[in-house]
Amino acid sequence: MAKKRILLLLLSVVMLLSIVTACSGNNGGNQQSSGNNSSGNTGGNAGGEETLEPVTFTFFNAGSSRQDVLTSDTDIGALYAEETGVSFQIEHLVGDVQTKIGTMIAGGEYPDVLVADTEIDKVVEAGGFIDLTDLIEQYGPNIKKVYGPYFDLITHRDGSIYFLPFSPQVGEYIPSPVIDQGAFWIQQRVLKEFNYPKIKTLDEYFDLIRQYAAKYPNEDLVGFTSLTHDWRYFAMTNPANHLAGYPNDGPVMVDMNTLEADDWHNNDEMKRWLKSLNDLYHDGLFDETSFVNNYDQYLAKLTSGKVLGYFDYGWQVNQASQNLKIAGDSDLEYFPLPIVFDANIKDQYLDPESFVHNRGIGITKSAKDPERIIKFFDYMLTEENQIRNQWGIQGLTYEVDENGRFYRTPEQIEKLRDNQYKQDVGLTYFEYYWPMWAQSSTLSDGNAHSPGRQPEVAQLDFTDAERAALEAYGVQTFSEMFSESDPRPWFPAWSIAFEQGSQEQIYEQRREDLVKRFLPRLTLADAGKFDSEWETYLSEFEKLGYTAQYEEYLSTKLKEKVAAVSGE
Amino acid sequence: MQQSASAAPAVTPPKSPKAPSGTKLFFKTLMKQRALVMMSVPFVIWLFIFRYLPVWGWTLAFQDYRPGRSFSEQEWVGFKHFAFLFQDDSFYRVMRNTFAMSFINLILGFVLAITLAILLNELKNIVFKRVVQTISYMPYFLSWVVAASIVMVALSPEDGVVNQVLMGLGIIDKPVMWLGEGSYFWGIFAASETWKNLGWNTIVYLAAITVIDPSQYEAADIDGANRFRKIWHITLPGMRPVIIVLLILNIGQVLETGFEAQYLLKNPANMDYAETLELFVIRWGINFGNYSFATAAGIFKTVISFTLLFAANSLAKRLGQDRLF
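First to last, the sequence lines map onto chains A and B.
Residue numbers for the first sequence follow my numbering, so the first one is 1 and each next one is one higher.
Residue numbers for the second sequence follow my numbering, so the first one is 569 and each next one is one higher.
Only chain A is shown next, with the shape it has when bound in the complex:
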């Protein structure tokens, strides 16, 4: 008995001890790792600028989801590692950005470098980023040169700079020759069938689809489809704004003269757009599965070639259009058109020169060695390294002709279409989401900063069908189909940040809920019921009750931004 009791006692003591040691073991681990941090820190400092001691920083990129990578494993990254000793372990977003960043904020632990995408304001608000002002002053001559004109815009209201956006313009502005922004897309075979007609208005566009579908009734064609999944639902609502001749300013139309912002979700333009869709639906040509498809199903649908037309942004359907190109049936590829409500409206689909200042890359408060990181950022911003990040390595991914023009051979273009190859070179990882020149920039020798904007490269990337269509319309590039963009110094209005939990933010969320609920109700309304549904929608919209203040707030902010941009 006594022995047993002692045994039991011993056992419980051991268990207690094990808990205590487990806890302290943890502490030890923490201490050790923070010890490492500080030693790395001092190493970086003591070495000064000459230090090449290899170091790896962690980088979380919430802006895209691709394969994670250690940059020094890529060709470009290896060069950087050789020259500076710095490499980055990049982790990309899997799943939901809000949850992922929310978890980081709640836990207060960040990677060294963070691209928080849409959640960047929350990170700033939570004190996740360190102030870069002094670091830039001390170590960032190139940063100052490139971002200098924008310091007013990137300085937070508390006077600090927390992150560097991706779009400071350097040199002349080059518009994109391909449409990576919004457009009404139509299948090549439709245009071909009717001998490349010039179409400008929404009615003409839908008529063309109606005619084609009527000609081939047995092919199981889908006239027009839309994307409504999750946050991407704007692909279905934004046309109301574009059709009226406005660029993608987000949720508002901005008057060019008065700079007054007008929330268009309850405007007549919205009604007119949805009514057209409702009519199309009753003709059996609007795809009602638009409201149940998720993003992947939507892309699959576009790739299937059954859809005659859709509205979306080029960057959003890139995957589908690339797949169609690879598949090789040029009739099924899509052609972008600048469609408007009425013939007298000037289309404004192309983005004006803009500076998006609510996205960017920042150094977090968990960063081991901010000096070394900022030095690396500064190093990246030299022209030489900007060429490296955008064009790659000479002889491998681009060539220079006798006039100093950069170009790519057809083989290089073909090879770069393979995502795996592009990743191995490192272009995938370096061409965006770093401190950089805007992709519309021009190098000092007149070459385009971004290969996609260099005519020599863009032309080669077109397929035969695309060239045929372009020729039929008498233009060289897709963007020539579109009107030039008027200067809008505030652009884009959607980059204006709201304070966390502010009334404006709540209003936006409520409006989103309402619009999302009514999109199917309006579009699929029974014949004759559309107007009454619209009235219901308007009265519900009225109940949101904050529209005027919201517009007022945005107008004020827009005017401030215009003043900041032009005041220089």
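If you're looking for bench data, these hints aren't it; they were derived computationally from the structure.
Please note that a few of the clues may not be correct.
In silico EDC-like pairs for lysine to aspartate or glutamate, Cα to Cα no more than 16 Å straight-line [to be verified]: (1) B:Lys742 with A:Asp220; (2) A:Lys543 with B:Asp656; (3) A:Lys516 with B:Asp840; (4) A:Lys122 with B:Asp632; (5) A:Lys516 with A:Glu288; (6) A:Lys559 with A:Asp152; (7) A:Lys275 with A:Asp464; (8) A:Lys192 with A:Asp464; (9) B:Lys742 with B:Asp727; (10) A:Lys516 with B:Asp632; (11) A:Lys543 with B:Asp657; (12) A:Lys306 with B:Glu726; (13) A:Lys306 with B:Asp727; (14) B:Lys798 with B:Asp781.
Derived, one-sided and incomplete: chain B residues facing chain A with beta-carbon distance under 10 Å [claimed, not checked]: (15) Ser658; (16) Phe659; (17) Tyr660; (18) Pro707; (19) Ala722; (20) Leu723; (21) Gly748; (22) Leu832; (23) Ala837; (24) Asn838; (25) Met839; (26) Ile854; (27) Asn855.
Each residue gets a CB set at the ideal place from its N, CA and C atoms; glycine is no exception.
Fit chain B to the known structure of chain A by using the hints.
The following block gives chain B in isolation, referenced to the frame of chain A:
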């Protein structure tokens, strides 16, 4: 006490076992069971750290919480977040959906799982029984992400198997957009939930059946009871304690059923019927970075669950049934 202890120690022993005072008894028992007590200490500490300390976080609900600031820097706002919760129009729609889907789930879960368990138990062919059992609980191991994709593909209006079968049978003449019509959502949810979890839910009932004393069945045989009689008078009453306990536990979780399935199957067209309290909290709390609101909603949920749990338990008590505590 002191007196008796010092003055007449010899007298106390016979007295104390008869009428020990409360504290004394407590310490005496404590001493007797000190090994057990010490063994349980780690678990009590564990429980305290992980179950009780977090309750401190409830203070968030009464602040405008900003991450990254210390506790003293937070701004206190009283019941603002609760007011927001209860004043939002969609809150009532969301509560209706939550309760509706939970009760559908609860009832279907019980009735079908118990039925299937009894049917499986009556099977004589062991191989067939095992096969049915395995197949029926296989979907449980699928993640909802996969399961939801399967459901979406099956219900697709273009090439979904459900539409094809129904059209083949001549029940409908054109494909139905199952996920596009809000009023179908609860049905779809119930069906997919049943498909996924039914087999798994039967396991505990099958276990409950095996505990029933076989001699009862023998006695019933002698009395000439047929199969249905035996099920009705022996199997079901034998399972009753398990059923009641599970019922009470599940009622306590009424507000927690339903996140993944609804999250993955919802779309703009069926949102009015698909959104549950948890999705509401995700949208307004987590996605919005409004942790205070999320906490307020969490407290609300806990209070409701607590009430329901106790209500169910005391009801069971009053009906003279076995109960949880």
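Now the hints, each set against the structure:
This hinted pair checks out: B:Lys742 and A:Asp220 have alpha carbons roughly 14 Å apart, not beyond 16 Å. Of the supplied pair hints, the one linking A:Lys543 and B:Asp656 holds, its CA atoms being roughly 12 Å apart against a limit of 16 Å. A distance of roughly 10 Å separates the Cα atoms of A:Lys516 and B:Asp840; the hinted pair therefore holds under the 16 Å criterion. The suggested pairing of A:Lys122 with B:Asp632 holds, with an alpha-carbon distance near 14 Å, which does not exceed 16 Å.
Between A:Lys516 and A:Glu288 the alpha-carbon distance is near 14 Å, which keeps this suggested pair within the 16 Å criterion. The hinted pair formed by A:Lys559 and A:Asp152 meets the criterion: a straight-line CA distance of about 14 Å does not exceed 16 Å. This hinted pair does not check out: A:Lys275 and A:Asp464 have alpha carbons roughly 37 Å apart, beyond 16 Å. Note on A:Lys192 and A:Asp464: the hinted pairing holds, with a Cα-Cα distance of about 13 Å set against a maximum of 16 Å.
A distance of roughly 12 Å separates the Cα atoms of B:Lys742 and B:Asp727; the hinted pair therefore holds under the 16 Å criterion. A C-alpha spacing of about 28 Å is found between A:Lys516 and B:Asp632, which places the hinted pair above 16 Å, so the restraint is violated. Of the supplied pair hints, the one linking A:Lys543 and B:Asp657 holds, its CA atoms being roughly 10 Å apart against a limit of 16 Å. Of the supplied pair hints, the one linking A:Lys306 and B:Glu726 holds, its CA atoms being roughly 12 Å apart against a limit of 16 Å.
For a cut-off of 16 Å, the pair hint linking A:Lys306 to B:Asp727 stands: about 14 Å separates their Cα positions. A C-alpha spacing of about 13 Å is found between B:Lys798 and B:Asp781, which places the hinted pair at or below 16 Å, so the restraint holds. The interface hint given for B:Ser658 holds, since its Cβ lies 7 Å from the closest Cβ of chain A, which is under the 10 Å cut-off. Because the closest C-beta pair between B:Phe659 and chain A is about 12 Å apart, greater than 10 Å, the hint is violated.
With its C-beta approaching chain A no nearer than about 14 Å, B:Tyr660 sits outside the 10 Å limit, and its interface hint is violated. The interface hint given for B:Pro707 is violated, since its Cβ lies 21 Å from the closest Cβ of chain A, which is over the 10 Å cut-off. Hint status for B:Ala722 relative to chain A: violated, with the closest Cβ pair at about 13 Å, above 10 Å. Taking 10 Å as the C-beta cut-off, the interface hint given for B:Leu723 holds, the closest approach to chain A being about 8 Å.
Interface hint status for B:Gly748: upheld, as the beta-carbon distance to the closest one in chain A is roughly 5 Å, under 10 Å. Hint status for B:Leu832: holds, given a least beta-carbon distance of 9 Å to chain A, under 10 Å. Below 10 Å, beta-carbon pairs count as interface contacts, and B:Ala837 has one with chain A at about 4 Å; its hint therefore holds. A cut of 10 Å between beta carbons decides the hint on B:Asn838: the least distance to chain A is about 8 Å, and the hint holds.
At its closest, the beta carbon of B:Met839 sits 6 Å from a beta carbon of chain A; the interface hint therefore holds under the 10 Å criterion. Because the closest C-beta pair between B:Ile854 and chain A is about 5 Å apart, less than 10 Å, the hint holds. For the restraint placing B:Asn855 at the interface with chain A, the shortest Cβ-Cβ distance is roughly 4 Å, inside the 10 Å limit, so the hint holds.
The structure does not agree with the numbered hints 7, 10, 16, 17, 18, 19 stated previously, though it agrees with the rest.
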